[in-house]
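Following the hints, put chains A, G and H in place on chain Y, whose structure we already have.
Residue numbers (my numbering), protein chains in the order written: chain Y, 1 to 130; chain A, 1 to 130; chain G, 1 to 130; chain H, 1 to 130.
Possibly wrong hints are sitting among the right ones.
[What the hints assert, rightly or not] Using 20 Å as the maximum straight-line C-alpha spacing, the simulated SDA-like pairs for lysine to any residue come out as follows:
1. H/12 with G/15
2. Y/12 with A/125
3. G/12 with H/86
4. H/81 with A/125
[As the list claims (entries may be wrong)] A few chain H residues facing chain A, derived, Cβ under 10 Å:
5. 76
6. 91
7. 95
8. 101
9. 103
10. 107
[Stated by the list, open to error] Pairwise CB distance ranges (calculated):
11. G/10 with H/129: 43 to 49 Å
12. Y/86 with A/2: 27 to 33 Å
13. G/26 with A/93: 50 to 56 Å
14. Y/15 with G/9: 53 to 59 Å
15. Y/68 with A/85: 22 to 28 Å
16. H/26 with Y/15: 56 to 62 Å
Because the hints were derived from the structure by calculation, they are not lab data. Yeah, the Cβ is synthetic: ideal placement off N, Cα and C, and Gly gets one too.
There are 4 protein chains.
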Amino acid sequence: MFDIKNFIQKDKFAQSAGITLIEASQGTAKAEMTLDEKHMNGLGVAHGGAVFTLADLAFAAAANSYGTAAMAINISISYIKAVKSGTLTAIAEEESKNHKLSNYTVRVYDESHEPVALFKGLAYRKKDKI
Amino acid sequence: MFDIKNFIQKDKFAQSAGITLIEASQGTAKAEMTLDEKHMNGLGVAHGGAVFTLADLAFAAAANSYGTAAMAINISISYIKAVKSGTLTAIAEEESKNHKLSNYTVRVYDESHEPVALFKGLAYRKKDKI
Amino acid sequence: MFDIKNFIQKDKFAQSAGITLIEASQGTAKAEMTLDEKHMNGLGVAHGGAVFTLADLAFAAAANSYGTAAMAINISISYIKAVKSGTLTAIAEEESKNHKLSNYTVRVYDESHEPVALFKGLAYRKKDKI
Amino acid sequence: MFDIKNFIQKDKFAQSAGITLIEASQGTAKAEMTLDEKHMNGLGVAHGGAVFTLADLAFAAAANSYGTAAMAINISISYIKAVKSGTLTAIAEEESKNHKLSNYTVRVYDESHEPVALFKGLAYRKKDKI
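One chain only, chain Y, in its complex shape (with noise of 0.2 Å):
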């Protein structure tokens, strides 16, 4: 079974990020991420690596749900509004998913539910169980 508090606290990267997974199961997940200082990039804003830290995230969380791994190949993000402050929520759905590859859209909102950025995640599938 596929143990969410198991996920989170083996990924380092995330952890430092300070990236806290709130739910993940059947091809969805959702994850938040709290801007503070350590965020920002040289302009005063939350860093492009952030935000796409944080839909990652929520990407792996939902391929991974159903207990088999998933790795990411490829992943497209469009950065649509600047963020300085507040918490962050990446929404993760599943598009498509056969044998070997599935597909999937995260939405990257701040705290007035505008949209921060658009991820579109391609896993490719393996057989091993997590």
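Just chains A, G and H, lined up with the frame of chain Y:
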């Protein structure tokens, strides 16, 4: 004039990921990141978000190297090889540039110069000086 | 006002591919293409370029549906299922829109409503009326 | 052995778009398309679907050039310059290849060798001979 050291020193997220900007000029850039425990994902390999952040820094440095501000609007990344240790190098090259938009390819290599990720970034160019 | 019939009648490439624009308004659009011999690739399945062109028409119609010109600057497409015959339907939905840029997701389905392709388009919005 | 002429002769969609495959070997390929009325969109410039189809043919030829079947699973394209006439050239180069996946960059140029589009394709490699 574009000041590399200033650019990276203000970038808290890239700094905390241990990324070093080696050079940046006229639409090109090179950055490095030595992998350690903090870059790992739940599977014990370099996190997709860490590899993305390295490539993104090289992209941002190249796109901003003319001294006018450019912001990422779309990025596509393909993950090619999982890596566990060593120093990763990202090389950004300019594919096109007009007064509004510019495109960059960033290739991330491991220490054996094998490709780790292929990153394509599209930037929106502002008129503001950095 | 945005005139769907005029929009598609001027598009020679979409016309020769046999694409029909069913509806377009307020950031959404729907288009169809019935597969025949001319859409096939060397493997006897619908050509990636044909599926792309169908999705692209729905994207363009949605992005231009407000009556001001918008042009595609970046597109990402994932191919999910190979199809050989029947009518494909593309549905475009708006993910975000500001005064410069807008993002759309287009889903292409076969007659069983199974996903054939997932398309994400980024448009640059001009001030010109169409 | 990979037979270029056979590959393109079976591709009805590329043929009807007037695309010529010039060469393909060892992960590289070159294709051309001379623009005329049938390639135009509603704005009187080369249709994004036509430019995509040209680049896609070069990508497919490069990915299949080893004689084993490879199918496109994800493509990202950036449109750089609108073109109205002349011959477009697409050059595909291999970025990476392992036993399952391969990545290609395709650059589309106009007659002045200015960049028209930047295309990045990811292929899934089967074990089947073509």
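Each hint tested on the structure:
1. H/12 with G/15: At roughly 16 Å apart (the allowed maximum being 20 Å), residue 15 of chain G and residue 12 of chain H satisfy the hint.
2. Y/12 with A/125: violated (34 Å)
3. G/12 with H/86: Holds. Residue 12 of chain G to residue 86 of chain H sits at ~17 Å (cutoff 20 Å).
4. H/81 with A/125: Holds, at roughly 16 Å.
5. 76: holds (4 Å)
6. 91: At about 12 Å, which exceeds the 10 Å cut-off, the nearest Cβ of chain A leaves the hint on residue 91 of chain H violated.
7. 95: Cβ of residue 95 of chain H sits 5 Å from chain A, so the hint holds.
8. 101: Holds, about 8 Å.
9. 103: holds (5 Å)
10. 107: Holds - the Cβ of residue 107 of chain H comes within 10 Å of chain A, reaching about 7 Å at its closest.
11. G/10 with H/129: 43 to 49 Å: At roughly 44 Å between Cβ atoms, residue 129 of chain H and residue 10 of chain G fall inside 43 to 49 Å, so the hint holds.
12. Y/86 with A/2: 27 to 33 Å: Holds - the Cβ-Cβ distance for residue 86 of chain Y and residue 2 of chain A, about 31 Å, lies within 27 to 33 Å.
13. G/26 with A/93: 50 to 56 Å: violated (40 Å)
14. Y/15 with G/9: 53 to 59 Å: With Cβ atoms ~56 Å apart, the hint holds.
15. Y/68 with A/85: 22 to 28 Å: Check passed, 27 Å falls within 22 to 28 Å.
16. H/26 with Y/15: 56 to 62 Å: violated (44 Å)
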